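Protein chains in written order, with the working numbering: chain A, 1 to 222; chain B, 1 to 217.
Don't take every hint at face value.
[As the list claims (entries may be wrong)] In silico DSBU-like cross-links for lysine-lysine, where the CA-CA straight-line distance does not exceed 35 Å:
1) LYS87(B) - LYS18(B)
2) LYS206(A) - LYS51(A)
3) LYS18(B) - LYS206(A)
4) LYS117(B) - LYS48(B)
5) LYS144(B) - LYS48(B)
6) LYS215(A) - LYS18(B)
7) LYS117(B) - LYS206(A)
8) LYS215(A) - LYS54(A)
9) LYS144(B) - LYS50(B)
10) LYS53(B) - LYS87(B)
11) LYS87(B) - LYS144(B)
12) LYS144(B) - LYS117(B)
13) LYS144(B) - LYS206(A)
14) LYS48(B) - LYS215(A)
15) LYS215(A) - LYS50(B)
16) LYS215(A) - LYS117(B)
17) LYS206(A) - LYS53(B)
18) LYS54(A) - LYS144(B)
19) LYS50(B) - LYS206(A)
20) LYS117(B) - LYS53(B)
21) LYS18(B) - LYS117(B)
22) LYS87(B) - LYS215(A)
Just so you know, these hints were derived from the structure itself, not from any lab.
Just so we're clear, the structure is a prediction, and the values are computed from it rather than from any experiment.
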Amino acid sequence: MLADFNLRIIFEYLPLFLIGLRSTFFISAVSIFLALICGTIACACRISSIKLLKYPAIAYIEVIRSTPLLVQIYFLYFGLPTLGIRVPEIQTGIIALMLNSGAYIAEIIRAGITSVDDGQIEAGVASGLNYFQRMRFIILPQALGATVPPLLGQSIVLVKDSALLSLISVMELTRVGQTMTSERFMPTEAFLTVAFFYMCIYFCLKALADWSQRKLIYREAY
Amino acid sequence: MMAFYFSRLVEIFPFFLKGLWMTSQIAFISLFTCTLLGFVLGILRSGKNKILKWIIGVYVSFVRGTPFVVQIFIVFFILPEWGIQLKAFPAALLAMAIMGSAFICEIVAGGINAISKGQWEAGTASGLTLIQQLRLVIVPQAMKVILPPLVGQYVLLIKDTSVVSVIGVMELTRVGWVTVVRIPEGLMVFSLVGALYFVISYPLILLSNYLERRMAI
């Protein structure tokens, strides 16, 4: 029971937990950055009128959204070597997270852009603004405002999803818990500590997401 | 070479169908229990009892704040420490129920809170009991708000069943994992696994999109 919760072992493993935490931070930060680029490109293709760009983008987004991330990770992890491509686990994981999150981000950005009212764009045309001016002064400020809170939400999802990389033996937070369990068989201490660290990250990111949401509502109201 | 692996793959295809059957079972039972639990918790969360609201809030935060793999490990490894021995299959169902009901609880509570206070008051004024108010006035209206994200959540739950492979449940992903050890054709094996998930999830995604468009009007 919790009565014999062993704090000493947690302190003993603390350096390893910190390594895991750093790895989770690193993987998440790199993946979300790459996913933003990937998502922006996918969204640009998705809303373009060129069929050769549009349909592959739709296929990419729909396939990613209807298959589990774990299957995508395994697809790359077991699939790349059969193509003769040898990539370390951590890179494989980051590519998987990038491709997965990219599809969701593409949809978030698309929703942001389509949320800008047509009348706004027409007003821009009527005021004699050219395409780039309309983008810069009318569409993007509003679209970006609408995408920031869901993008932060997607970042929370990505941090949690990075836990799946433990299954292809990337030494991140969850993997530290697994390691500690197999070495000392103290699963309660191991996984409650892991959960605690994830909760800390979650509450920080959630506070940021809520704050950005409030800011946005404020901006819209005035 | 390719043809050889392909014929092996056809050979073990029944094995994949077994995995698909297991995935469907887990998904079906989980969707059912999660919906049931989620609605009960969601209604309580939108209610007036502060202590209950707080407890459900802590539970929801825990589930939303931690990865599902960690939750599965907690259920599978920690419960035995407390004297509750569970086999992999029931442990997987329990973890799914704990995770899914928290997300559905949030959707339901959000839907109910979106209904204006006047509707409750009108219900009270008409002499309806609390249960009648919920059943006849609030829930039918809230369903419009709840349904599209609920179907979206079903897709997520079906995909999350892949994670229960970590505790050795022989579902679709686990079958792929076991196969790939014997037939080193990762691309083919996991394309097949992915395609089978696609067959289940994609219709639900289309349904969710359709509901979203319809309810918006």
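Now the hints, each set against the structure:
1. Proximity of LYS87(B) to LYS18(B) is assessed by CA-CA distance (about 19 Å); at most 35 Å being required, the pair is judged to hold.
2. Distance check on the hinted pair: LYS206(A) and LYS51(A) sit about 38 Å apart at the alpha-carbon level, beyond 35 Å; violated.
3. Straight-line distance between C-alpha atoms of LYS18(B) and LYS206(A) comes to about 40 Å, which puts the hinted pair past the 35 Å bound.
4. A hinted pair counts as satisfied when its Cα atoms are at most 35 Å apart, and LYS117(B) with LYS48(B) qualifies at roughly 13 Å.
5. Of the supplied pair hints, the one linking LYS144(B) and LYS48(B) holds, its CA atoms being roughly 23 Å apart against a limit of 35 Å.
6. Of the supplied pair hints, the one linking LYS215(A) and LYS18(B) is violated, its CA atoms being roughly 51 Å apart against a limit of 35 Å.
7. Note on LYS117(B) and LYS206(A): the hinted pairing holds, with a Cα-Cα distance of about 28 Å set against a maximum of 35 Å.
8. Taken as a hint, the LYS215(A) and LYS54(A) pair is honoured in the structure, with Cα atoms around 34 Å apart against an allowance of 35 Å.
9. This hinted pair checks out: LYS144(B) and LYS50(B) have alpha carbons roughly 27 Å apart, not beyond 35 Å.
10. Note on LYS53(B) and LYS87(B): the hinted pairing holds, with a Cα-Cα distance of about 32 Å set against a maximum of 35 Å.
11. With a CA separation close to 39 Å, the supplied pair LYS87(B) and LYS144(B) exceeds the 35 Å bound.
12. About 17 Å separates the Cα atoms of LYS144(B) and LYS117(B), which keeps this hinted pair within 35 Å; it holds.
13. A distance of roughly 27 Å separates the Cα atoms of LYS144(B) and LYS206(A); the hinted pair therefore holds under the 35 Å criterion.
14. The straight-line distance between the Cα atoms of LYS48(B) and LYS215(A) is roughly 29 Å, inside the 35 Å bound, and the hint therefore holds.
15. Taking the CA atoms of LYS215(A) and LYS50(B), the gap is near 28 Å; set against the 35 Å cutoff, the hint holds.
16. Of the pairs offered as hints, the one joining LYS215(A) and LYS117(B) holds, with about 26 Å between alpha carbons and a cut-off of 35 Å not exceeded.
17. About 19 Å separates the Cα atoms of LYS206(A) and LYS53(B), which keeps this hinted pair within 35 Å; it holds.
18. Restraint check for LYS54(A) and LYS144(B): satisfied, since their Cα atoms lie roughly 32 Å apart, inside the 35 Å limit.
19. For the hint pairing LYS50(B) with LYS206(A), the CA-to-CA distance comes to about 22 Å; that is within 35 Å, so the pair holds.
20. As the CA atoms of LYS117(B) and LYS53(B) are separated by approximately 18 Å, the hinted pair is consistent with the 35 Å bound.
21. The straight-line distance between the Cα atoms of LYS18(B) and LYS117(B) is roughly 50 Å, outside the 35 Å bound, and the hint therefore fails.
22. The straight-line distance between the Cα atoms of LYS87(B) and LYS215(A) is roughly 48 Å, outside the 35 Å bound, and the hint therefore fails.
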